[in-house]
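**Q** Here is how the chains run, residue by residue.
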Amino acid sequence: SQQGEEDPQALSIQEGENATMNCSYKTSINNLQWYRQNSGRGLVHLILIRSNEREKHSGRLRVTLDTSKKSSSLLITASRAADTASYFCAPGTASKLTFGTGTRLQVTL
Amino acid sequence: EAQVTQNPRYLITVTGKKLTVTCSQNMNHEYMSWYRQDPGLGLRQIYYSMNVEVTDKGDVPEGYKVSRKEKRNFPLILESPSPNQTSLYFCATGQSEMAPLHFGNGTRLTVT
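As they're listed, the protein sequences go chains B and C. Counting from 1, position 84 in the first sequence corresponds to residue 84 in the numbering used here; the numbering is continuous, with no gaps. Numbering-wise, the numbering used here comes out as the position in the second sequence, counting from 1, plus 1000.
Don't read these hints as lab results, they were simulated from the structure. Keep in mind the model is a prediction, meaning the values are calculated, not measured. Note that beta-carbon positions come from the ideal geometry of N, C-alpha and C, so glycine has one too. Do not take every clue at face value.
[Claimed, not checked] Here are some of the chain B residues that sit facing chain C, going by a computed Cβ distance under 10 Å:
| id | residue |
| --- | --- |
| 1 | Gln33 |
| 2 | Gln37 |
| 3 | Gly40 |
| 4 | Ile47 |
| 5 | Arg50 |
| 6 | Asn52 |
| 7 | Thr84 |
| 8 | Ala85 |
| 9 | Leu97 |
| 10 | Thr98 |
| 11 | Phe99 |
Work out the full structure: start from the sequences and follow the hints.
**A** Next comes the structure, spelled out in structure tokens:
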């Protein structure tokens, strides 16, 4: 399976600030996905970026992909307390997806 | 409403007592899979299925069985549970190999 490694492991910011999370992976991919998990709940899909795309936006989310460096980043702009969650990157396709330990984001008021 | 339904949400059992965790989806998705989530280890894939009667091992299949007799259901069977199978389990589905996954709400299993 293909697994992404998220960095940092934990991130604490204040409401209104931007949050940036990074992901690295080891082998070539067709696409890369980002997911969010609220404490103990199922993961929720946020955004999918294909290997021929460099950047993708969805609302306050911005994802970049650098296939030459085998890395991706997720930027959450103007964060809110409701963004508090763990965030996971998942490189590859469905049958090969394994999720790392994620980045735990804490947004305080 | 599109749903992935897992049951039960919580389960406490004893070593060796066979159990089944059910997963059902109403989205006509071809792909279904099971994951377990443990602190410090992330989510690891147990088994997956690309379609009816087609299943394959993930990264941690030992001690588990699955079946895919119908497209909508993908039960996870623990024939003889052991304490090291205490974990949070998730079922996930996808429209295809290239599509995003939809997760159930999880089953927290404790084996004593």
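**Q** Holds or violated: the hint that Arg50/B contacts chain C, with Cβ atoms closer than 10 Å.
**A** holds, 9 Å
**Q** How about Ile47/B: closest beta carbon in chain C under 10 Å, or not?
**A** This hint holds: Ile47/B lies near chain C, its Cβ roughly 9 Å from the closest one there, short of 10 Å.
**Q** Was the hint right that Gly40/B lines chain C, CB cutoff 10 Å?
**A** Since chain C brings a Cβ to about 7 Å from Gly40/B, closer than 10 Å, the hint holds.
**Q** Would the hint on Asn52/B stand, with a C-beta cut-off of 10 Å toward chain C?
**A** violated, 13 Å
**Q** Holds or violated: Thr84/B as interface residue toward chain C, Cβ cutoff 10 Å?
**A** Violated. Min distance 18 Å.
**Q** Does the interface hint hold: is Gln37/B within less than 10 Å of chain C, judged Cβ to Cβ?
**A** With Cβ-Cβ at 8 Å, under 10 Å, it holds.
**Q** Taking the least C-beta to C-beta distance, is Ala85/B closer than 10 Å to chain C?
**A** violated, 13 Å
**Q** Does Thr98/B pass the interface hint, meaning its C-beta sits closer than 10 Å to a C-beta of chain C?
**A** Nearest chain C Cβ about 6 Å off; hint holds.
**Q** Under 10 Å is the threshold here; is the Cβ of Leu97/B close enough to any Cβ of chain C for the hint to stand?
**A** Cβ of Leu97/B sits 7 Å from chain C, so the hint holds.
**Q** May I ask you to test the interface hint for Gln33/B with respect to chain C, counting a Cβ-Cβ separation under 10 Å as satisfied?
**A** holds, 6 Å
**Q** Would the hint on Phe99/B stand, with a C-beta cut-off of 10 Å toward chain C?
**A** holds, 4 Å
Taken one by one, the earlier hints fail for this structure at numbers 6, 7, 8, listed in ascending order.
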